[in-house]
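*Asks:* In case you want the letters, here they are:
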Amino acid sequence: MAQMNLVAAINDALRLAMKADDRVVVMGEDVGKVGGVFRVTQGLYDEFGEDRVIDTPLSEGGILGTAIGMALYGLLPVPEIQFADFIFPGYDQIVSELAKLRYRSGGEYPAKMVIRTPVGGGIRGGLYHSQSPESLFIHVAGLKVVCPSNPYDAKGLLLASLRDPDPVLFFEPKRIYRAARGEVPEGDYTVPLSKAKVVREAQGSKAVTVVAWGAMLYEAIAAAEEAEKQGVSCEIVDLRTLWPLDIDTVVESVKKTGRVVVVHEAPRTCGLGGEIVALVNEKAFLHLEAPPCRVTGFDTPFPYTLEMDYLPLAHRILPAVVATANY
Amino acid sequence: MSESPPSPRPSVLPPPAPEHLAELYRQMFVIRRCEEEAARAYAQGKIGGFLHLYIGQEAVAVGACAALQPDDYVVTTYRDHGMAIAKGMSSKAMMAELYGKKTGCSKGLGGSMHMFDAATNMLGGYGIVGAHIPLAAGAAFASKYRNDGRVTLCFYGEGAVSIGGFHEGVSLAALWKLPIVFICENNEYSMGTPLSRSMSVEDTSLKALGYGVERDRFFADDVNLVEHRIAAAVKRAREESQPTVIEVRTYRFRGHSMSDPAKYRTSNEVEEQKRRDPLLLARRELVDALGEERVKAIDAEVEAEVADAVKFAEESPEPDASVLEPTTYDGPFAA
Ligand SMILES: Cc1ncc(C[n+]2csc(CCOP(=O)(O)OP(=O)(O)O)c2C)c(N)n1
Numbered sequence: 001m002a003q004m005n006l007v008a009a010i011n012d013a014l015r016l017a018m019k020a021d022d023r024v025v026v027m028g029e030d031v032g033k034v035g036g037v038f039r040v041t042q043g044l045y046d047e048f049g050e051d052r053v054i055d056t057p058l059s060e061g062g063i064l065g066t067a068i069g070m071a072l073y074g075l076l077p078v079p080e081i082q083f084a085d086f087i088f089p090g091y092d093q094i095v096s097e098l099a100k101l102r103y104r105s106g107g108e109y110p111a112k113m114v115i116r117t118p119v120g121g122g123i124r125g126g127l128y129h130s131q132s133p134e135s136l137f138i139h140v141a142g143l144k145v146v147c148p149s150n151p152y153d154a155k156g157l158l159l160a161s162l163r164d165p166d167p168v169l170f171f172e173p174k175r176i177y178r179a180a181r182g183e184v185p186e187g188d189y190t191v192p193l194s195k196a197k198v199v200r201e202a203q204g205s206k207a208v209t210v211v212a213w214g215a216m217l218y219e220a221i222a223a224a225e226e227a228e229k230q231g232v233s234c235e236i237v238d239l240r241t242l243w244p245l246d247i248d249t250v251v252e253s254v255k256k257t258g259r260v261v262v263v264h265e266a267p268r269t270c271g272l273g274g275e276i277v278a279l280v281n282e283k284a285f286l287h288l289e290a291p292p293c294r295v296t297g298f299d300t301p302f303p304y305t306l307e308m309d310y311l312p313l314a315h316r317i318l319p320a321v322v323a324t325a326n327y
Numbered sequence: 328m329s330e331s332p333p334s335p336r337p338s339v340l341p342p343p344a345p346e347h348l349a350e351l352y353r354q355m356f357v358i359r360r361c362e363e364e365a366a367r368a369y370a371q372g373k374i375g376g377f378l379h380l381y382i383g384q385e386a387v388a389v390g391a392c393a394a395l396q397p398d399d400y401v402v403t404t405y406r407d408h409g410m411a412i413a414k415g416m417s418s419k420a421m422m423a424e425l426y427g428k429k430t431g432c433s434k435g436l437g438g439s440m441h442m443f444d445a446a447t448n449m450l451g452g453y454g455i456v457g458a459h460i461p462l463a464a465g466a467a468f469a470s471k472y473r474n475d476g477r478v479t480l481c482f483y484g485e486g487a488v489s490i491g492g493f494h495e496g497v498s499l500a501a502l503w504k505l506p507i508v509f510i511c512e513n514n515e516y517s518m519g520t521p522l523s524r525s526m527s528v529e530d531t532s533l534k535a536l537g538y539g540v541e542r543d544r545f546f547a548d549d550v551n552l553v554e555h556r557i558a559a560a561v562k563r564a565r566e567e568s569q570p571t572v573i574e575v576r577t578y579r580f581r582g583h584s585m586s587d588p589a590k591y592r593t594s595n596e597v598e599e600q601k602r603r604d605p606l607l608l609a610r611r612e613l614v615d616a617l618g619e620e621r622v623k624a625i626d627a628e629v630e631a632e633v634a635d636a637v638k639f640a641e642e643s644p645e646p647d648a649s650v651l652e653p654t655t656y657d658g659p660f661a662a
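From first to last, the protein sequence lines stand for chains Y and E.
Take the first sequence: its position 148, counting from 1, is numbered 148 in the working numbering, and each next residue is one higher.
Take the second sequence: its position 264, counting from 1, is numbered 591 in the working numbering, and each next residue is one higher.
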């Protein structure tokens, strides 16, 4: 198996999908000749040509709107939005059209596509290159939202997303685009959507379930290693698909540990953590030993400086985990 | 209305008063040197994230702002450092913001794309392409509403002409006859994409035709020419409350941002463009008018100002974590 980073794994999945299925077209700003600002689509333009790897003008509403039209008439577009922060000029197309087409066409026109976009902080990008808008899309019924944390999952989840009948937002954690490395099998395979993964099991009675995804998974792991030294064991759940989420895996873990800490970069209020905590309360109330806890971004824009204070890094996760364990 | 394409070259233009040219040159040189210092600080890791340099385009900001009254408004893109300086903001506040320091114009929380200065009516740099264009129309609306005689200049790149915000902004400004000048800084590339691959026509000022407003188009080589042509549009805005759509043809000598190696163009092309560097042209003209000694003295003043700005940025404190919470809301929700 080849060692790859996240960028290479996603590139590999796109190439495979384009080879296997001529309905697949990649489109976006500088995705063709330049190969994308993060080089995720590098080489595709040369291999598949300008009709299938389309350099678009600066026009997110145009990109997403035309992608919906292409999808309605049988293509499988994979638009790239350069940064999730720039998706909002096209948000109307996603909210008002894409998410509702299956429903209002009586199931006849599902408008299948996968929108890829980098998310999250960690590159000192400040207000407009750092946001994590997952809950703005989850709240709109009709969309699936995926966020891989490693190259193996990234490739398998992207191939699964392309085969899933519904529109998928595929969020790529840019902080670990090159830092996350791992073995990736050659050829085709999928990682199922809506299946979380327990990446670290808890032992002993002083245990906490930590739910994380994307770049923050590694922070949760780092915090767990420190917590271990303080006699607290963490069971870490990598959500992988953010919506529809695998609440069964979370609940099963909480039933074992009695405690849960949810970590995400997005601001706290109305973040996905709030929904996860509500579901845990509904489904595992009598198993809880401590109030569910959230370690998140702040309810402010994402700052240029103080990025490492804003992000829910290990140094903020650790005290939350320990306090929850000792409640 | 100018239905025929406007001439790309000046007719006869009166030469600028030497002292005025000296001031324009000084501003352009401050911008150039600040940008070079910013690039250096970026390479040293003192400035992070995204840094979009204005090197090569200085004559647009300086020429355009020279056509304004002090309380007129300027709204621009993320490529905003030079614009802020041309509008009168201090190079210290600019540099400190790039460094993410508390003394920066956005208290260090914004960085490169967030140059705001209420004292000089610099209404900000904007990071989302096109979003600021309707907003600039709104500022012009407010001026008309209050009858305060102010004019708004709205700058954008040619890439922005493909996005809805541009059309919504110009359409409303035309309908409501707002005192605004829309200025496209056509530097030929929208990140890695040349204009020929992103638009069906090569002249962005043609978009004015559909909205029924005046238009103009010219090169930015000569800062004096920029001032005159923009001044005509500013006059139209101030006296007739009519918008104008302008395309200024310019070129950025550096990549889109510091992280762009700009492999989509040849070094020959860049060298060719550098020969028409508006800063050098202005300097040459100024030497002819005032002599080398005087220009050297101006250069020395500029170097001192820029060194001061860098020192100020280096020595200023970082914001502390207490500012994370209270900036979003005012009042009881602030904490
Ligand atoms: C809505 C939106 N989409 C994409 C981007 C990313 N982006 C920033 S600048 C830019 C190119 C803009 O080119 P142009 O308008 O010509 O201005 P220039 O950078 O050349 O000054 C792109 C694609 C963004 N900031 N906002």
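Honestly, the hints are just simulated from the structure, not real lab data.
Honestly, I wouldn't trust all of these hints.
[What the hints assert, rightly or not] Reference listing, derived: stretches of chain E covered by chain Y, where coverage requires no fewer than 3 residues with Cβ under 8 angstroms from a Cβ of chain Y:
1) 483 to 495
2) 536 to 550
3) 619 to 631
[Unchecked claim] Derived EDC-like pairs (lysine to aspartate or glutamate); straight-line CA-CA distance at most 20 angstroms:
4) Y:Lys19 x Y:Asp164
5) Y:Lys255 x Y:Glu275
6) E:Lys373 x E:Glu642
7) Y:Lys33 x E:Glu630
8) E:Lys373 x Y:Asp246
9) Y:Lys283 x Y:Asp248
10) Y:Lys195 x Y:Glu226
11) E:Lys562 x E:Asp398
12) E:Lys590 x Y:Glu50
13) E:Lys434 x Y:Asp299
14) E:Lys434 x E:Asp626
15) E:Lys434 x Y:Asp309
16) Y:Lys195 x Y:Glu275
17) Y:Lys195 x Y:Asp246
18) Y:Lys255 x Y:Glu307
19) Y:Lys206 x Y:Glu226
20) E:Lys434 x E:Asp635
21) Y:Lys33 x E:Asp475
22) E:Lys601 x E:Asp398
23) E:Lys429 x Y:Asp188
24) E:Lys373 x Y:Glu307
25) Y:Lys33 x Y:Asp51
26) E:Lys419 x E:Asp587
27) E:Lys419 x E:Glu645
28) Y:Lys229 x Y:Asp248
29) E:Lys429 x Y:Glu226
30) E:Lys504 x E:Asp548
31) Y:Lys100 x Y:Asp51
32) E:Lys601 x E:Asp548
33) Y:Lys33 x E:Glu596
34) Y:Lys19 x Y:Glu226
35) E:Lys590 x Y:Asp55
36) E:Lys434 x Y:Asp188
37) E:Lys419 x E:Glu628
38) Y:Lys197 x Y:Glu252
39) Y:Lys256 x Y:Asp246
40) E:Lys590 x Y:Asp46
In this text, a Cβ means the ideal position worked out from N, Cα and C, and glycines have one as well.
*Asks:* For every hint, state whether the structure bears it out.
*Replies:* Hint check results:
no. : hint                : verdict
1   : 483 to 495          : holds (count 6)
2   : 536 to 550          : violated (count 0)
3   : 619 to 631          : violated (count 0)
4   : Y:Lys19 x Y:Asp164  : 18 angstroms, holds
5   : Y:Lys255 x Y:Glu275 : 18 angstroms, holds
6   : E:Lys373 x E:Glu642 : 12 angstroms, holds
7   : Y:Lys33 x E:Glu630  : 40 angstroms, violated
8   : E:Lys373 x Y:Asp246 : 42 angstroms, violated
9   : Y:Lys283 x Y:Asp248 : 9 angstroms, holds
10  : Y:Lys195 x Y:Glu226 : 27 angstroms, violated
11  : E:Lys562 x E:Asp398 : 15 angstroms, holds
12  : E:Lys590 x Y:Glu50  : 19 angstroms, holds
13  : E:Lys434 x Y:Asp299 : 18 angstroms, holds
14  : E:Lys434 x E:Asp626 : 30 angstroms, violated
15  : E:Lys434 x Y:Asp309 : 16 angstroms, holds
16  : Y:Lys195 x Y:Glu275 : 17 angstroms, holds
17  : Y:Lys195 x Y:Asp246 : 5 angstroms, holds
18  : Y:Lys255 x Y:Glu307 : 34 angstroms, violated
19  : Y:Lys206 x Y:Glu226 : 14 angstroms, holds
20  : E:Lys434 x E:Asp635 : 19 angstroms, holds
21  : Y:Lys33 x E:Asp475  : 49 angstroms, violated
22  : E:Lys601 x E:Asp398 : 34 angstroms, violated
23  : E:Lys429 x Y:Asp188 : 51 angstroms, violated
24  : E:Lys373 x Y:Glu307 : 14 angstroms, holds
25  : Y:Lys33 x Y:Asp51   : 12 angstroms, holds
26  : E:Lys419 x E:Asp587 : 26 angstroms, violated
27  : E:Lys419 x E:Glu645 : 15 angstroms, holds
28  : Y:Lys229 x Y:Asp248 : 29 angstroms, violated
29  : E:Lys429 x Y:Glu226 : 33 angstroms, violated
30  : E:Lys504 x E:Asp548 : 30 angstroms, violated
31  : Y:Lys100 x Y:Asp51  : 28 angstroms, violated
32  : E:Lys601 x E:Asp548 : 10 angstroms, holds
33  : Y:Lys33 x E:Glu596  : 18 angstroms, holds
34  : Y:Lys19 x Y:Glu226  : 45 angstroms, violated
35  : E:Lys590 x Y:Asp55  : 16 angstroms, holds
36  : E:Lys434 x Y:Asp188 : 50 angstroms, violated
37  : E:Lys419 x E:Glu628 : 15 angstroms, holds
38  : Y:Lys197 x Y:Glu252 : 12 angstroms, holds
39  : Y:Lys256 x Y:Asp246 : 16 angstroms, holds
40  : E:Lys590 x Y:Asp46  : 16 angstroms, holds
In terms of the numbered hints stated before, the structure departs from hints 2, 3, 7, 8, 10, 14, 18, 21, 22, 23, 26, 28, 29, 30, 31, 34, 36, listed from lowest to highest.
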